[in-house]
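Chemist: Chain by chain, the residues:
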Amino acid sequence: MKDNVLMEQKIHEATYQKYLNGLVSANRNLCYEIVERIMENKFPIPILYESLFRDALYEVGRLWEYNRISVAIEHMATAITEGIMNQLYSDIINPERVGKQIIVSSVENESHQVGAKMVADIFEMNGWDAIYLGANTPLGELLTCISEFNPQLVGLSLSVYYNMPCLEKMLRQIHLDYPDLNVLVGGQAISDAKDFLTASYSNVTCIASLDELAQYIRSQ
Amino acid sequence: MNKEQLIESAMALKTVKPETLAELSSKQAHLVAKINQTMLERPDIKMLVGENNLEMMKDNHANHAKFVYSILQRPNAQVLVATVLWVFRSYRSRGFHQNYWSAQLNTWINIFKQDLSQETCDDILPLYDWFIINIPHFTNLSDSQLEDVDTKH
Chain X
0 MKDNVLMEQK
10 IHEATYQKYL
20 NGLVSANRNL
30 CYEIVERIME
40 NKFPIPILYE
50 SLFRDALYEV
60 GRLWEYNRIS
70 VAIEHMATAI
80 TEGIMNQLYS
90 DIINPERVGK
100 QIIVSSVENE
110 SHQVGAKMVA
120 DIFEMNGWDA
130 IYLGANTPLG
140 ELLTCISEFN
150 PQLVGLSLSV
160 YYNMPCLEKM
170 LRQIHLDYPD
180 LNVLVGGQAI
190 SDAKDFLTAS
200 YSNVTCIASL
210 DELAQYIRSQ
Chain E
0 MNKEQLIESA
10 MALKTVKPET
20 LAELSSKQAH
30 LVAKINQTML
40 ERPDIKMLVG
50 ENNLEMMKDN
60 HANHAKFVYS
70 ILQRPNAQVL
80 VATVLWVFRS
90 YRSRGFHQNY
100 WSAQLNTWIN
110 IFKQDLSQET
120 CDDILPLYDW
130 FIINIPHFTN
140 LSDSQLEDVD
150 TKH
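Protein chains in written order, with numbering that gives the first Met the number 0: chain X, 0 to 219; chain E, 0 to 152.
If you are wondering where the hints come from, they were derived from the structure by calculation, not from laboratory data.
Please note that the accuracy of each hint is not assured.
Claimed, not checked - Result set (EDC-like, lysine to aspartate or glutamate): computed pairs, CA atoms no more than 16 Å apart in a straight line:
| no. | chain 1 | residue 1 | chain 2 | residue 2 |
| --- | --- | --- | --- | --- |
| 1 | X | Lys17 | X | Glu32 |
| 2 | E | Lys13 | E | Asp121 |
| 3 | E | Lys112 | E | Asp128 |
| 4 | E | Lys65 | X | Glu107 |
| 5 | X | Lys168 | X | Glu140 |
| 6 | E | Lys65 | X | Glu167 |
Please read these numbers as outputs of a predicted model, since none were measured by experiment.
Throw the hints in and build the complete structure from the sequences for me.
Modeler: Next up, the structure:
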């Protein structure tokens, strides 16, 4: 192996800690360099996203909760992560297109968007055209977008439980306007809601991880 | 009382009527504005929330109203307990006094009695009684977690 950055398709603990320290100390260049070094080995993007980006951002959230960092540092860590994800575009784009489209968005009022961006990227890697709308998309705007692009699928991300009523409002309206359109839902708050969402909405599939997402895409 | 016992006690909370949810939703903005105003008028407010934390307190009130609505609509004892513990840790770590919780919750109850129908009050007050009864348990659990982190740093 070239170096000890990778360990059987896992991010080395020391690398993770170095990246996390870079995130919370505003050392954007260090974070970029670490990811660049990992990607020299053609590391799988879904594992990079979950084991480095997601886990580090969850830890940043925990550090905020315990008042170890300010909300400004938390926002900066998110911005650095999104910047790096944009830099990975050449690793994500797949020349073989499958001729299918998905619209991916965070739920109305939901301010977290990194998870939705990850989902959009995984679809792009699998040859789909992913129309990524970002955070807090109002229901009316989402419906306009669906009408304009006529996608095969819609993906909605929910991070905090108190936005569950917004998610359900969106699911009801999408089903009413587009009864045959399937909707994927994912995000930190979905693990607590999977049972009632799948029982209540016949067109909804709950996705718990990027691995589960990849399996879902392969089944389409 | 530990976390599992709190979850078990939360499971005993009853579901609420659709009319209750409708009234809460239609009056949510008004209720949040009123609790902000009432709490800000308290002479001891800075002792309760700490210096420079008034905006954070207002965020808490807005998030509280949204969360209570969502948990009444889709009850989930695990989410309820985990979220309250998260709130206690986040706010206690920033200097909110433990008396803030009872002050806030009692203020919500007074406002509900003034501004909501009797039927809606009857439906939602068991949840607020549960919040208030368990303040000492949530404080102990969250403070011990904060102390654990402090000792490790």
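Chemist: State for each hint whether it applies.
Modeler: Results for each hint:
Of the supplied pair hints, the one linking Lys17 of chain X and Glu32 of chain X holds, its CA atoms being roughly 11 Å apart against a limit of 16 Å. Between the alpha carbons of Lys13 of chain E and Asp121 of chain E the distance comes to roughly 11 Å, so the proposed pair stays at or under 16 Å and holds. In summary, the hint linking Lys112 of chain E to Asp128 of chain E is supported, as the alpha carbons are separated by about 14 Å, within the 16 Å threshold. Restraint check for Lys65 of chain E and Glu107 of chain X: the C-alpha separation of about 13 Å stays at or below 16 Å, so the hint holds.
With a CA separation close to 14 Å, the supplied pair Lys168 of chain X and Glu140 of chain X stays within the 16 Å bound. Restraint check: the Cα-Cα separation between Lys65 of chain E and Glu167 of chain X comes to about 14 Å, which is no more than 16 Å; the hinted pair holds.
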